[in-house]
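We have chain G already, so just place chain E on it with the hints.
One letter stands for each residue in the lines below.
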Amino acid sequence: MFTSKKTINIILTVLTFLIFLVTIFPFIVVIINSSKASLEIVMDPIALPKNWIQLFKNIAEIWSKPSIRYSSSVLSSVIITVGSLTLITIFSSMAAWVLVRTKSAASTIIFLLFLSGLIIPFQVVMFPLVAFFRMIGGVIGIPMLRTYHGMIIAYIGFGAPLSIFMFHGFIKSIPLELEEAATIDGCSKPQIFFKIIMPILKPIFVTVIILNGIWIWNDYLLPALVLGVGQQIQTIPLAIAAFAGSFVKKWDLIMTAVLMAAMPIIIAFLFAQKHIIKGMVAGSIK
Amino acid sequence: MKKKVKDKIVFWSFLAPALLCFGIVVIIPFFMGVYYSMTDWTAIAGIKPNWVGLDNYVSMLGNRAFNYSFIRTFVFSLFSVLSINIIALSLAILVTREIKFKNFFRAGFFVPNLIGGLVLGYIWQFIFKSVVPSIGGVLGIKALEDIMILAEPNLALFGLIVAFSWQYAGYIMMIYVAALLNVPQELIEASEIDGANFWERFKNITIPMIAQAITITSFLTLVTSFKQYDIIVALTNGGPVDIFKGEIVNSTELLAVHIYNVAFKYNNMAEGQARAIVFFIVLTVVSMIQVNMNKKKEVEM
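Residue numbers (this note's numbering), protein chains in the order written: chain G, 1 to 286; chain E, 1 to 301.
Chain G on its own, in the form it takes in the complex (with noise of 0.2 Å):
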């Protein structure tokens, strides 16, 4: 009975190495090939490269080219994704704060109308969102589309039934008394929450940058309508959106230009990966 159970143990560890395998395989696929210059690929996209060193041939290549502009879409993928999550963080947690200490009808549907956010699919909204978008640029003045703020603006709207959810749900375990006891040392309102109840916050704000970092890192379509693709300003799927879409395929700059768009969440992934498994499951079970 023990040796038996020994070895379907280390049966189910091969077999699980097996699938293993067969899951990392496309980021084989991606290294191998990257690694590559253009003709190599067309004769063997299976080989290992002959040189490893054009991988770093191919990174300066897109790096410098000026027509996919790779480095400035880094940078400008950093300032949305940088910016977005830090004001979506701030500003779903101030409003879950409130609608969760204030007992009004005001209050209640303001909440709900924050959850029925969750069941609009993005497609229902789309279209009208940049045609109004372009109209507060027209009567306002203020231009919408193919800015960093209408990006920002857009990722808080989008991003913030979500957040705001998971603020609510925890703040709701907060203590009132905490509270309480500030207000009676002559803290005002605003204090109480900057300097009490955001440290408290912590871990779901862990939980809700990450949520949303990977999708706006990765994000594809809301930023093609609002940036507009092969326009001023480009995240990294736009630019390699524009690339890959326009060339005839050069394979061994678009895988080039995959891994280089992987590589940061890998890496963070690597990093925090207890936080991020835990936090996307949490985020799945709303």
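Certain hints may be false.
[Claimed, not checked] One-sided excerpt, in silico: chain G residues whose CB lies under 10 Å from chain E: (1) 19; (2) 26; (3) 88; (4) 116; (5) 117; (6) 119; (7) 129.
Everything labelled a hint here was simulated from the structure, so no lab data went into it.
The beta-carbon is built from N, C-alpha and C at its ideal position, and this holds for glycine as well.
Here is chain E on its own, set in the frame of chain G:
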């Protein structure tokens, strides 16, 4: 009295930034969208849309490209839900048993989920176009060497399901892992003593105990496959063409892609918007039916 006013000011000023952004990008566009779907809206600035009632919805019913896209989306979603959940549950069972390096394997299976749909679509386009034939060449399998997965309508849809399953199964696996770890060990042990084999244990204990997780995972996979856009744009871009009831259609132009194309490629904003509204209604109804069906099967602990 003074405190009440102060509280109100705090309430609205704390709420304002999030509510304003949400209103601008979701609530106002949503109602604009409902209105535009009943007009001949063109999205060209300065042209006032005219009211046409339900014309856009009526014309949709007889539209073959739309009907076809609808059917294909259902087929894609059905097979994706099945394939992803079967793979994910199998993986979850493997990595919750007493095997070596299970944390390493869990992380490994999860990684594809971090890759964005667009990037992932290009990776798989390359695999289907170049890697699969060349593997066929090495193994000497002629059929694999000549296969053009992205050039045949049903194979292309299959390719999409493969790419999507690769991305999503590891994520769903994590939800199953969490559920499986919650199954009380005593139940398993008791059944072992009673002489239940693996299959009996799986059917009579594991499945009922993780029914709640199954509700969540099938809801998530259903909604996500229904809304799929990025992977399709990068992998097939809607192609290849197929013939449906005598009309030329795009075989992998699933609803999300179809809505975009009707509006921008074929320049029919109002009809695209009407189809988006129908998409929203169908998505809501289907997921509500599905959650209700699954909820009935759950056991209370």
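How the hints compare with the structure:
1. 19: holds, 7 Å
2. 26: Hint on residue 26 (chain G): holds, closest Cβ of chain E at ~5 Å, below 10 Å.
3. 88: Since the shortest Cβ distance to chain E is 8 Å, the answer is holds.
4. 116: Hint on residue 116 (chain G): holds, closest Cβ of chain E at ~8 Å, below 10 Å.
5. 117: holds, 5 Å
6. 119: Cβ of residue 119 (chain G) sits 6 Å from chain E, so the hint holds.
7. 129: At about 4 Å, which falls below the 10 Å cut-off, the nearest Cβ of chain E leaves the hint on residue 129 (chain G) intact, so it holds.
Hint violations for this structure: none, all hints satisfied.
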